[in-house]
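Student: Here are the chains, one letter per residue:
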Amino acid sequence: MAAPPRATPRRRTNRRTDSPFWAALFVGPNLVLFTTFMIIPIVWGLGLSLFDWNLIGEPRFVGFANYVDILKDARAVNSVWKTVYLVFLGVVPTVILSFLIAVLINTNFPGYTVFRTMYLLPIVISLVASAVLWRFIYDPRVGPIAQLLSLFGVSGPNWLQDTTWAMPALSLVIVWLRLPLGVILYLAALQQINPQLLEAAEIDGAGPWAKLRHVIWPNVMPVTLLILVLTLRGIIFDSFDIAFVMTKGGPLNSTDILAVYIYDLAFAQLRLGYASALSTVLFVIVTILALIFNPPRRPSNGDPV
Amino acid sequence: MSKQTISTFNPSRRAVLAGLAASPLALAAGSRLAFAQPTSGTLSIAVLDWAETGIKPVFAAYEAARPGVKIEYSLLPGDYQGIRQTLLSRRLANKLPDITYLADILATQLANAEVTADMRPFLTSGGPIGMTSLAKPFLDQYLVTSGPNKDGIFGLPIGADTVVLYYNKKHFDDAGIPYPTDDWTFEKQIEVATALTQKNGNTTTRYGLAASVPWHATYVPGIEAFGDTLLDENNMYKLQTEAAIKVFTMYWDQVKAGVIASTPQQTQLGGGFQAFGAGTVSMLQSVRALTPLVRSVTTDDWDVALVPTINGVRKTGMGSIAQSITTSGQANNKDLCYDYLNWFYSEDGGMKILAASYGTVPPVEALYESPIWTALPGPPYDNRVFAESIQYGAMNPTSIPADVQAVVDTELAKAEEAVTLNNVPVADALKAAEAVINEAMARVLASGG
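Read top to bottom, the protein sequences are chains S and R.
So in this note's numbering, spot 58 of the first sequence is number 58, and the numbers just go up one at a time.
Position in the second sequence (first residue = 1) + 1000 = this note's numbering.
Keep in mind that a hint or two might mislead.
[Stated by the list, open to error] Capping the alpha-carbon separation at 30 Å, the derived lysine-lysine pairs in DSSO-like fashion look like this:
hint: 1; chain 1: R; residue 1: K1256; chain 2: R; residue 2: K1056
hint: 2; chain 1: R; residue 1: K1095; chain 2: R; residue 2: K1150
hint: 3; chain 1: R; residue 1: K1188; chain 2: R; residue 2: K1256
hint: 4; chain 1: R; residue 1: K1169; chain 2: R; residue 2: K1150
hint: 5; chain 1: R; residue 1: K1188; chain 2: R; residue 2: K1199
hint: 6; chain 1: R; residue 1: K1169; chain 2: R; residue 2: K1188
hint: 7; chain 1: S; residue 1: K248; chain 2: R; residue 2: K1246
hint: 8; chain 1: R; residue 1: K1199; chain 2: R; residue 2: K1150
hint: 9; chain 1: R; residue 1: K1431; chain 2: S; residue 2: K72
hint: 10; chain 1: R; residue 1: K1136; chain 2: R; residue 2: K1056
hint: 11; chain 1: R; residue 1: K1256; chain 2: S; residue 2: K248
hint: 12; chain 1: R; residue 1: K1136; chain 2: R; residue 2: K1352
hint: 13; chain 1: R; residue 1: K1238; chain 2: R; residue 2: K1256
hint: 14; chain 1: R; residue 1: K1199; chain 2: S; residue 2: K248
hint: 15; chain 1: R; residue 1: K1169; chain 2: R; residue 2: K1431
hint: 16; chain 1: S; residue 1: K248; chain 2: R; residue 2: K1238
hint: 17; chain 1: R; residue 1: K1170; chain 2: R; residue 2: K1150
hint: 18; chain 1: R; residue 1: K1246; chain 2: R; residue 2: K1199
hint: 19; chain 1: R; residue 1: K1136; chain 2: S; residue 2: K248
hint: 20; chain 1: S; residue 1: K72; chain 2: R; residue 2: K1238
hint: 21; chain 1: R; residue 1: K1431; chain 2: R; residue 2: K1238
[Unchecked claim] Okay, the calculated beta carbon distance ranges per label pair:
hint: 22; chain 1: R; residue 1: P1178; chain 2: S; residue 2: S155; range: 32 to 42 Å
hint: 23; chain 1: R; residue 1: V1297; chain 2: S; residue 2: Y85; range: 53 to 63 Å
hint: 24; chain 1: R; residue 1: D1049; chain 2: S; residue 2: G47; range: 28 to 38 Å
hint: 25; chain 1: R; residue 1: A1278; chain 2: S; residue 2: F152; range: 22 to 32 Å
hint: 26; chain 1: S; residue 1: R233; chain 2: R; residue 2: P1077; range: 26 to 36 Å
hint: 27; chain 1: S; residue 1: F115; chain 2: R; residue 2: E1187; range: 38 to 48 Å
Hints are computed from structural coordinates only; laboratory data are not their basis.
Idealized CB from N, CA, C, for every residue including glycine.
All chains should be modelled from the sequences, with the hints used to inform the complete structure.
Tutor: Here's what the structure looks like:
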């Protein structure tokens, strides 16, 4: 099967809109906000990680002592592993389920419009409200899961108070929350696939599975990488609300992800320097993982700059 | 009276002007005239979020008593970590209110951070409220015992609060069990709690008792009842003593048995007082400050009793939230702050209104028997319990730095989970907790904490 030649888009230039003035005008406001709320706090945090400060006295310069302390901190090491575990439990199902749901919706099956609305539901509910809702769902006495299991004579665990089940229970909520974005991105990617490719595959005798594997999946691969990075970042940074409301890191630190521990250090123990050092480590880990999943590419000749 | 959000909070420009306007008069007329009722000005007060409902009528009454004076209030989170975070942030932003609520554990830290002002000038200013007006045990919670502010008083208690036993009368009636009496022992309490507990398979559907074991108001009285103390002479925690192990064991055994609802279990039930209100808990160890909330959510009839004796000794957790003039209020709006506080603690002022909301036992010894709170229609009916409990009060040591208390809370909660979920021996769990707590204590003390 030969792929149809792809026409190289001609880049039309417009001297007026290509001028640096217009670029600055459109990028400027975002750049100011991004610098104010992202770049400056990151740099500030980097600086703070070299100090010992409790918000009250004068900050005391300690060099890299905070970073050295991380290696000796058993709870920090545990938090890193718990974060990795949550990422593992969250990223893979999010990507797979997002893809499958998007494919399903893209087939316009009967009633897909209802489904299309339903999968967006998690986006419109706040994280804390979601956490409270799921805490009820997991309630071992009156929660729907317990009720459902009791119909079969099964007594389920106390999901959020069980060291084995607490993290999977959290990850399910996080997957539920991350799905809409993944589905939207996959849907957009699916609708960009040239129908001629699918028709050609059918003519060549490809069944639904072969089309999915050899045509659709390769075409959505760039989006998959994007979803991987976004989900990874989302799980690491945005899971705080869910974990804090649902388990506060317990039981027995089984859901004590880095974000929860950093919050505890910064705002309960007022160890702002050490918390900043741990945040910096987290930032570096996420950056490295993001670069691995989605390495920067040089623009090809046909790509717009 | 108006409510402010932090973003729109204007520290006190008008208050500064009012203060400046009032100061020449005060200087000229002498200190007595400084207590003349202010005729205008704005007073900003930060209150705990859960206290908002009870305090709003107090603010309205003060404004009515002082036409021309306006109160602008803002909310603080209800937990001590949230209070501290908010106040320190407002301090850094120079947006402190004139008066703020605070918790006892924060007295030293907020004083050192120059958030709160020493209240001794107020208490010795010759106004109606003096050094002996407020109940000493509760005032002493806010007495700073070390550091640069040693011997200063950095808060005035809002209530004389002790832990009492709330009980659901209907549950007792249905089970044919007599109500708790003053001679109840811990063992008797557990016997009744076990009888009131209901289960569906292994899952408890109704707990006999809700008691947060990692809460200092639970374990400190227990340790004292066994004749020991929480801290040693070097301010280090002693969690491996016979007394400590006995206390935690006797509670955690019942958590494991599904008779006592632990803190996480109470959270799952929506919180201690909500669970009591919903009837999923038959008895609850809690404080007077929660009475308005208990009244608002409980449909069954209920009452209160003294907490039972442990080891033949009655000890109960005690404490109080407080209010304090801030450094900003002291500098810019002192007269109005003094006037408000003097009015607040008077029997016909704010204390009467606050007491009428069921939310406080006045922290003024002269008012322990006052009808302003004892004559309120029940429930609770047996109000003498709140006043009588005060003599049995056991307080969390005030020398514990707030940063360490955060570690204590975390580590004891973890110890509870280790014991109740993983069957770790109590002594081992407490040993692990003690190591982390004392490491934090040493670190904080070494840094001047």
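Student: Provide an ascending list of the numbers of those earlier hints which the structure does not satisfy.
Tutor: Hints 1, 4, 8, 15, 17, 19, 23, 27 not satisfied by this model.
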